[in-house]
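Engineer: Below, each chain spelled out in residue letters.
Protein chains: 2
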Amino acid sequence: MTNWTLAQRAARMNPSVIREILKVTERPGIISLAGGLPAPQTFPIEAFADAAAQVLGRDGAAALQYAASEGYAPLRQAVADSLPWEVHPDQVLITTGSQQALDLVAKVLIDEGSRVLVETPTYLGALQAFAPMQPRIEAVASDEDGIDADDLAAKVGSGADKARFLYVLPNFQNPTGRTMTEARRQQLVERAAQLGLPLLEDNPYGDLWFDQPPPAPLSARNPEGCIYMGSFSKVLAPGLRLGFVVAPAHIYPKLLQAKQAADLHTPSFNQRLVAEVLQHGFLERHVPTIRQLYQRQCQAMLAALEQHLAPLGVSWSRPAGGMFLWLRLPAGLDALELLPRAVQRGVAFVPGAAFYAEDADARTLRLSFVTASEEQIGTAIAALADAIRSGCA
Amino acid sequence: MTNWTLAQRAARMNPSVIREILKVTERPGIISLAGGLPAPQTFPIEAFADAAAQVLGRDGAAALQYAASEGYAPLRQAVADSLPWEVHPDQVLITTGSQQALDLVAKVLIDEGSRVLVETPTYLGALQAFAPMQPRIEAVASDEDGIDADDLAAKVGSGADKARFLYVLPNFQNPTGRTMTEARRQQLVERAAQLGLPLLEDNPYGDLWFDQPPPAPLSARNPEGCIYMGSFSKVLAPGLRLGFVVAPAHIYPKLLQAKQAADLHTPSFNQRLVAEVLQHGFLERHVPTIRQLYQRQCQAMLAALEQHLAPLGVSWSRPAGGMFLWLRLPAGLDALELLPRAVQRGVAFVPGAAFYAEDADARTLRLSFVTASEEQIGTAIAALADAIRSGCA
Chain A
1 MTNWTLAQRA
11 ARMNPSVIRE
21 ILKVTERPGI
31 ISLAGGLPAP
41 QTFPIEAFAD
51 AAAQVLGRDG
61 AAALQYAASE
71 GYAPLRQAVA
81 DSLPWEVHPD
91 QVLITTGSQQ
101 ALDLVAKVLI
111 DEGSRVLVET
121 PTYLGALQAF
131 APMQPRIEAV
141 ASDEDGIDAD
151 DLAAKVGSGA
161 DKARFLYVLP
171 NFQNPTGRTM
181 TEARRQQLVE
191 RAAQLGLPLL
201 EDNPYGDLWF
211 DQPPPAPLSA
221 RNPEGCIYMG
231 SFSKVLAPGL
241 RLGFVVAPAH
251 IYPKLLQAKQ
261 AADLHTPSFN
271 QRLVAEVLQH
281 GFLERHVPTI
291 RQLYQRQCQA
301 MLAALEQHLA
311 PLGVSWSRPA
321 GGMFLWLRLP
331 AGLDALELLP
341 RAVQRGVAFV
351 PGAAFYAEDA
361 DARTLRLSFV
371 TASEEQIGTA
381 IAALADAIRS
391 GCA
Chain B
1 MTNWTLAQRA
11 ARMNPSVIRE
21 ILKVTERPGI
31 ISLAGGLPAP
41 QTFPIEAFAD
51 AAAQVLGRDG
61 AAALQYAASE
71 GYAPLRQAVA
81 DSLPWEVHPD
91 QVLITTGSQQ
101 ALDLVAKVLI
111 DEGSRVLVET
121 PTYLGALQAF
131 APMQPRIEAV
141 ASDEDGIDAD
151 DLAAKVGSGA
161 DKARFLYVLP
171 NFQNPTGRTM
181 TEARRQQLVE
191 RAAQLGLPLL
201 EDNPYGDLWF
211 DQPPPAPLSA
221 RNPEGCIYMG
231 SFSKVLAPGL
241 RLGFVVAPAH
251 IYPKLLQAKQ
261 AADLHTPSFN
271 QRLVAEVLQH
281 GFLERHVPTI
291 RQLYQRQCQA
301 MLAALEQHLA
311 PLGVSWSRPA
321 GGMFLWLRLP
331 AGLDALELLP
341 RAVQRGVAFV
351 PGAAFYAEDA
361 DARTLRLSFV
371 TASEEQIGTA
381 IAALADAIRS
391 GCA
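Protein sequence lines, in the order shown, are assigned to chains A and B. Position one of the first sequence corresponds to residue 1 (the working numbering), numbered consecutively onward. Position one of the second sequence corresponds to residue 1 (the working numbering), numbered consecutively onward.
Just so you know, these hints were derived from the structure itself, not from any lab. Everything numeric in this text was worked out from a predicted model, so none of it was measured. It is possible that some hints are incorrect.
Where chains are identical, the list cannot tell them apart; a pair therefore holds if satisfied intra-copy or between any two copies.
Simulated crosslink set (SDA-like; lysine to any residue; CA at most 25 Å straight-line) [as the list claims (entries may be wrong)]:
#1 K155 x S315
#2 K23 x Y252
#3 K23 x S373
#4 K162 x Q134
#5 K23 x A193
Okay, chain A solo, but in the shape it has when bound (with noise of 0.2 Å):
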């Protein structure tokens, strides 16, 4: 019999409950509002089939052999351009997808039992990255402005116990949808200078604002002080899983060493592919159809929320962006018992108590407007509304 024994670590890792959910709603009849997809119709597949003609007719031998660890250099040197701050294409290291920014970032930055602050509630996503490397993760107070800046600076420690990050995503948050104001994040960097501490800045979802863009990242605001993270997957598409991390430069180094041991390098093809499309401002004609998009689909989740659950006591954020809306149901309810009543009832979401380090609060939910159509959400609100009902008689 061979002896397999595991890593300790091993114990704390666990089924994503999103992803576990997401299986639940591949059944035919089930509208989900769980799972964080990109509205498919917003995929330029066009303009990637144009692309991938041209990368391979053209550099073929280059887009399918092995390449360099940090990434292509003319990405790179986009995703530089593109950012608010000063940021030499030197900085940029090249992911697949953002998720491996959060797993290089855990591995070069967390030992067994050191400490790690999070917002509250966070991505938990991001949970799922550290917890491999076996830290304390600590939750900071938040409202729906942000970061408390007291509390952090209440939680940091100092000494072999100080945190070794915060881990934050300023615009329209998973999974809250909150924005950190203006105000909160110079409060914030500034804070976070004095305390020495440095700053995980994730920003998947800046750009698909509503209204006005969000205010600027906390990175261009400290660059020395902060690690950023951005993405591909909600401005293009997810399943060529292209992301970015923006490091300092005596950070930067070891986060390639990690890159080049996780998979030597993220797929050429699809680096090239995506700097292909780019080209000529593609993305400034592209995201505002997204923003429209998903404004109006926001917008009918609200009114739906509005008519449906508004009489049951529920209560929820509207966000300025993003594609997440976070629901309260009224005292005495559980979001994970609620949710067989909801897939019953044909619609699915993810129930909140994932999204927190500590203290989950049961009574909270998740729900995505920009993977169903505006009616589906209709129909989907009013069967949660029923599912809710059903547990209250």
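Got chain A sorted already, so can you dock chain B onto it with the hints?
Structural biologist: For chain B alone, coordinates are given in the frame of chain A:
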């Protein structure tokens, strides 16, 4: 001042020797025998162009959307069908290159300070993938037929100190080019089962045989005692970053959870591209052309070595397939010291020392025979001879 504290493992991450050398050898005029870059003329560019048009035209939205962490079902089925023992598609996890499989296995099976066994010498990328999980890596004595089973038994250890696994690359090994014999495979599998020691079998080159296929994989002899890794990088193209891992049913879920946390899933578009190309027996027609090319290039290198290096007292391996040849310099010479003199003369290689987990043999070096043309190989080996002579003077 921000207080960046690096994880202890970061001190064990180092720039890839090979990738650093590759950068130098991008200079014009250098013939590189260093990197393991497949010959680009073997890349089926047209087949990929056709497949890209097909996949985007037919299933564009799905190919560009988020997808299951396990991988694309038809590709998992194709992998299972291609293996010479009974494998269920549920046991196949598609990875972002087989380098990622090493990262995932390391996360799931290695604790800080736990022991891991490797061949002497072994694949450098495996050492780099294991390092972040902070194992103690120990080398098992190996000769040109493979692992020494008695030394394995002596080193396996017991209790908490028992080795977590033996990592082994039985076919046309990177770096030595050697192939484990049938007798040695059977002996290794039996001894490992007696010892209760898991085997991690890496097989990126197995299809690249010259005159006859290598003996059956270790995993075919004891599937429950082995994790098996394979790759599309050498039979199709490395730039798509597509590999896979086959694991026993009780290990698979943990690898899957590590995969979710690492990059959510391998690019859906790339998986569908390769599944499309694989249809209608493509590899049965395509791979023989790669075998023939690499065999000719290997023969050209062996002839050049005989002509130029035999008189200098250099010895080398005679691979039966794969991409690499292993040289040993005469006493008194050091391959790392030789490298700058060789580069000066227009040829690059990888010094062998990087491939040893311990007790490096400084006289060894690795040559790839697949990237340079037959003519370039002759020129390069003559230049290498010149560099060696310059060191003896």
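Engineer: Which numbered hints are broken by the structure, listed smallest first?
Structural biologist: 1, 5
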